[in-house]
Every structure is written in C-alpha cells, then in structure tokens.
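> Given these sequences and hints, build the entire structure.
Protein chains in written order, with my numbering: chain A, 1 to 258; chain B, 1 to 311; chain C, 1 to 281.
To be clear, the hints were calculated from the coordinates, so they are not data collected in a lab. Hints may contain errors.
Reference excerpt, derived from the structure (chain B facing chain A, CB under 7 Å, subset only) [to be verified]:
1) SER68
2) PHE75
3) ARG107
4) ARG109
5) SER116
6) PHE120
7) PRO121
8) PRO132
9) GLU144
10) MET146
11) PRO147
12) ARG150
13) GLU179
Virtual Cβ for every residue (Gly too), placed ideally from N, Cα, C.
The primary structure of each chain is shown beneath.
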Amino acid sequence: MNNIVAIAGVVIKEMYRRKDFYVLFILTVLICGVMASVNFFNDDKIVRYLKEICLLCIWICSLVIAVTTTARQIPSERENRTLFPLLAKPLTRTQLLLGKFLGCWLACGLALVCFYTFFGALAAAREHHWPLLSYLQAATLHWVMLGVVIALALLGSLIFSAPSANTTICFVAVTFILVLGRHLNKIALQLPEPRRSVLYGFYYCIPHLELFDVRDLIIHNWPPIGWTVCGVAALYGLAYAAAFLISACLVFRRKAIN
Amino acid sequence: MRSARLPLLILVALLVFCFGLAAWLDLWFQSWRGNRAQSGDLLNVLMGDSRRLFANHFFVKADAYFHSGFYPTVFDNREAFQTPHMAEDSGTVGGRNRGDEKGFLGRPRDWIDAFSRRLFPSRHTHLDEGGPSGDLGNSSQVREIMPWLRISAELNPNDIRTYTVSAYWLRERMGKVAEAEQFLREGLRENPDSYEIMYELGRVYSENKNDQAHARNLWEAALRQWQKQVASLPDPERAYKFLFVEITSHLALLEEKQGNYPQALAYMELWKTRSASPDAVEKYIEEVRRKMSSVGQTQAVQAGQSSGKAP
Amino acid sequence: MDTLNPPKQMAERITNGQVPGTYGSDSPPSFAYPEAGPSPQAALDPVLETRSLSVTYRGRGTGQPDRQAVKALTLVVRRSEVFGFLGPNGAGKTTTMNVLLGFINASSGSASLFGTDVREPIARQRIGYLPELTYYYKFLSAEELLRFYARIFKIPKVERDRRIDAVLKLVDLQQARKRQIKTYSKGMQQRVGLAQALINDPELLILDEPTSGLDPIGRMRVREVIQRLKNEGKTVCDRVAILHQGELKVEGSVSELARQHQCSLEQLFLKVIGYAAQPSN
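Printed below as a string of structure tokens:
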C-alpha cells in the first residue's frame, strides 16, 4: 500500500505542476462569467441555464483531465525511460498500475472539488440557496464515473501504442455511452434477430456511465437521491473500474517493457 | 548587404500588391448579395443560415426546462409532446398532443432501465405549477425557460412561436410587461406580416395595459393579415384556424364588453365559421342579440321619453 | 545469507534491520560497496547468480526468425567483488541486466539476487541501478525524487532525510536540490541517477555505462564519485566477463586473463569478439 500511495503522490504532483488543470479551470470560469453577464429580459434571478453551462463545462473539463492525464502515464514513463529506474526498485507492476490509477483518480477528485466549489458559489450567488446534499451526491457519483473512465484509459494505454489513439478512442467510447447508452435497449428492441440479441448483449456489457450523470436533478432542483441508490450506483461503478484494472494488470504483467 | 535587402524589397512589394488587391476586391464584395458581413449579427456572420437548424433545438430545450428535465428523447414516445406544452399552455398555438404525457418512457425494459429512472427526473411537472416541489408560490420559476427562448429567437428570428410564447410567460408569470412588448416588437420588425405577433401584442395591451383601443387596432390588423395570408388556402391547417378563432373571439368579446353589439355579432359570426364548437358560439350570439334587443328597447323608450318631452 | 526464507519474510527481516548491511541494522551507514570487512564465509556468498540463463526474442511474424539474445549464461558474482560486464553492442549485456532487474522474463534458466529469484520484487530491495540513459520525472526536484524512491524502499522517515542529505552531498547536488530536474544539465541528471541508485545503501550496485553521453568534465565528476566509493575499500574491476552474441566467452580476474592470454584487456576483448587486428605499416 505504501508503494501505491507513493506513486499516487507523484501523479498528483504532476497534475498540479502541469498547466492543464489551471487552463481548464480558468476557461470554465471565463465561460461561466461571460454567460452570467448576459442579460435575459432584465431578470437577474434566472440561474438554471448558468448551472447547466457550468456543469457541462465541468464534465467536459474533468473528462479531458482524466483521459489525457491517464492516457500518458505509462507511455510517457516508457518513452522518458523513467519506468526502468522505477521498476528496478522493489515494486511490482501491479503496484505501479494501482498507484497510477489511485493518483489519477485522486487528482481528478481534487479537481472536482475545485470545480464543484466554484459551481456551488456561482449557483448560490443567484439562487441564494445551497443544496449541499445534492451537490455532494452529484460530485461523488461524478468522481466514481471518472474512476471507471480512468481505469478504461489505463487499460487502453497498455493496449494501444500511441497515447493519442488511446485518448481518441476513450473520448469516443465515453461520449457514445453517455449520449446513447441509455437508449441502446430501445434501439435493440426495434431490430430483428440476431442483431437484437447482439446489441442487447452489448448494452449489458458496457459500463453505463450515464447512470452517474445526475446534472438534471441538480439543475432543476429535484430532491436528493436516496443513499441506497447512490451506494448501489457507486458499487456498480467501482466494480467496472476493478474489472478494467484487473485486465490492465494482467496485460501489463505480460508486457515486455524494454 | 544586397542579399539582405532583396528579400525585404520583395516582401514590401508583396504587401503593397495585397493591399491594392484587397482595396479593389472590397468594392465588389460590398455589393455581393451573399455578403454576410453586411449583417450586424455575429451569429449570422459565423453560421449563416445553418443557425436555423439549432433554433428548434433550443426551443425544445426550453420546453424540457418547462418540465424540469423530464422530457422525451428522440427514442421515446413523443405523441404527447408534439406541441411543446409551454406553447400550448400559453394559448398562442394550437395543441396537437395525444397520448399519455406522464408515461412516455413506458415500462422499464430491464433492471438497468429501472434503476436509471431513480437517477434522472421521472415525474411530469410544469414550472408554472411550481415544478418538482408543486408549490404554486414557485410558479415564477418559469423564468428559467427564457434564456433558451431568447437564444432560439436569435438563431431563427423568423420562428414566430418563439416570440409569442416568450411574451406570454414574460407578462403572465414574470410580470415583465415592458419586456414582453419589446420582444414582440422585435419579432414584428423581423416578421412584419405576422398576425400571430400582432395578436399577442394585442393581448399585452388588452390584458396588461388595459389599452383596449390599441388592442383592437392590433387585432384588426392581425385579422386582416390572416385573411390575406390564409383565407385563400383551400383548407387552412388547424394552427391557422386556431389563431383565427382566437383573434375573432377576442375581438368579439372586446366589442361586446364595450357595447358595440353589431360589431361583436359580426366577429362572432366569423368566429363561428371556424370554431370547433359552433354551438357554444351560437349561444354567445344569442346572448348578444338579447342584449342588443334589450338595449334597443331601452333606447326606444329613452327616445320616446325625450320626444314626449319636446314641445 | 539465508536463501531459504520466502521473499515476504525476507522483506520483513530486511525492514526490521535483521540483515546486516541494510538500513536499520546495527552496522554503520556507509557507501562503501560492498561493505568492508565481511566474514570469510559471507564473502563467498553469491550476490548475483545465473544458471543457464537464456533469453530468446520471438520474431514479429513477418518472416523474421527468433533471435537468441542470451545463450545459457552461467555466472556468479560474489560479495566484495566489483564485476565488469563487457561486450560489444548486441552481445546481450543489457538483456541480461533486464532479466536481473525483472524487466523481462528469461526463456529458460534462472537468475537470482541474494538467493531470491529475480522475478520477486523483494530481490531488488538491496540493489541500486543506474540505467544507461538517465531520465527522471522532470517535474520533481532531486530531493523529491529521492524522497519518493526512499519511500518505495520503506526507509524510515528519520533515516530518509539523513540519507538524502548524504547522497546529495556525495554527488554534489546540494545547491540544486530544490530545483526541478528539467532545469538540470546532462551531467547533473547523471548524478541524480547515481544518487537514486545509492539512496538505499545497496549491497549490489549495477551501473550501466555510467559516463555515457557526458562531456569530459561530466565524466570526470562521475569518476570522482565512483572513486570516493572505491576509496572506502574497493578495487576497480576485480573480475570481468566478456559476452559476445549472447555467449559468455571469457571470465576471470583482469590480471589472470592478461597473464593467460599474454595481452592487454583491450586486445583480449578484440580477440574474443573476432576482430582481426589491422597490420601496421
């Protein structure tokens, strides 16, 4: 565990010393600032459009941070040859991979804390009301979703040779699942066999990342979700993350790294 | 030295040439019909006519906001959402909705579908009825649909319903009569022949400013436009009929309220020709005739009294 | 050294200071390598041992045949030795080191460090490795890098700070310890590499072309560091092994080989690899 935490610490240091997070955060602040300054019919109480734009920016930025940070971890270690002095230490490859995952996940978690704090302040400035519980649930579910994406990107970084290919494929896959994942069963039911079974099987296999997208509940001030539901969703996400990580460990153990 | 000067001279010559060419082409470009730069609208310059494709998306988004996020996608049963509810409830467009508006999702098809319904809005509510809380004190939350309607109007200034729907909610729930009138006038500038906007502007004057004369003028103008544009068609669509009925009914009731019974009767007869319930309109007509006859009897009595008194 | 304990128990013994010469033990901290004055019996213990080690790289499926990089290599390095591993490019030196460091698996045969199979990570607890190309995390400073590696070696926190100060002083990087490595010159990066190889006071130090890529001043500085280590009781190149095309050609002490073949080490090297000497005019 000590080794895993040590590697995670290095990944977190890398994230806050690179400029990616700051650029994306400032971009989000600027976009939200510009949108907040727009006057719609002289009403300064309109807030939901702002919440939606802010949350959309947060989701895009967090996915960019998660995928790009993770996709370059192992490839850049190999390219920069920092992998060799590292693996020459009493450290297993599994510990290295878990350390990278934990580091990326915690780094994304810290980024989410910053983003959601900004979002909360922005919403509270107009609504004068702060549903902390709902925000906490949304942030937690978002973080779990990022864990699945990070594990997927880590597996991809071991399969695809180029980080750019891995990044592109991850973005396409995640966007596909977020936009269409919920509807694949409806599409499947309209198809004839055997395509119906194939698509339905695919529907069951993919990680349903859209389950963690509770933005509509936050934007439109719905009551908080039940904690049991949150817990089950989190377990579902962690199970998929674990499955991807186990696959990544199996691939990495067999990979020649020289 | 010579070799250092030559590239510099070539560069200056090229710059002079480009400047001259730009000056010569600019005259032609200004007169070019397709020149989007003549428009002051940034979206028009950037996107051209393709911006209209997005306008409907934002109009539907406003309706999704009206429902606090509980809204069918293209994969769901949309029979009950063919006419956006925010437009239907505003009384500015005719409704074409059928089916169960609460059950467009259908029954859950699998456990993932069933579980996912706990993680997104899953109850039919309207913002003007308080939204998810159901608290009518929150009915002004309908303001949240305004940004999307504004953006939709920017993207497609020729979509009439954006102006009429926005104006209704601005004046009815948000108390912003001046803004509603201004927005309608903007729409009228972009669509000078729009009887829908004239009608809605008439409602602003009649219901919020209590200026019946102005309202009458606008409704009469709207009726003239309607007759000019639609009456010549063999079978005007239900939407067109709906507006005709609205305009004539409002005119009729206005005239009746102001005691102009013959004019009221004339509008009622028109109203009856395209009403879905002609019997109900007939009852109105009879009532007005009764009033007319009693007014006529009263006038006759008064006339008789005044002539009796004369030397 | 007890070679019968399974690796996990060995790790605990090392961490608890029960193995002499490692941190936490009673023996004084030292960068003498190996530590001076071992017992006669301990001096004969193999620290590195390969038995019929073979590594074959498979062809990539485009008609290329399999290539045997190391062929049945058997060698032993004992405690208190400095062992030179020589050979031309492509001889199999790096492949052998990659197997010893666990980067690749052997196709057949075995390799062990301090009696522990090299496939166990704990085998690397007592070694220091300086790779040929030294690149480290550019966003870290030298101090942070050493702290990270020290943590992996499970060096206690108090001991960690002292060791970091000592290795940075040894490699003359105290002034630059807080600067990020991306601001370092090549020579400084090489010295950081040496520092990280020494952070755990290793019993076996593997240096892969430690002066490669350096200018004369850089080479001089690295030699100075190695000289400082040597001054604590080392001789340079007690024994050498020369590899060629994956096979061990000769092995023995420098003086013995020179006497046996009646030529210098350089001439012996050329003779072993089959390089015919040019006739002088």
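> Hints first: check each against the structure and report whether it holds.
Each hint, compared with the structure:
1. SER68: With Cβ-Cβ at 4 Å, under 7 Å, it holds.
2. PHE75: 4 Å, holds
3. ARG107: Violated, about 12 Å.
4. ARG109: 5 Å, holds
5. SER116: With a closest approach of 6 Å, the SER116(B) hint holds.
6. PHE120: 5 Å, holds
7. PRO121: 5 Å, holds
8. PRO132: 5 Å, holds
9. GLU144: Given a least distance of 4 Å, the restraint on GLU144(B) holds.
10. MET146: Cβ of MET146(B) sits 5 Å from chain A, so the hint holds.
11. PRO147: Holds - the Cβ of PRO147(B) comes within 7 Å of chain A, reaching about 4 Å at its closest.
12. ARG150: 5 Å, holds
13. GLU179: 4 Å, holds
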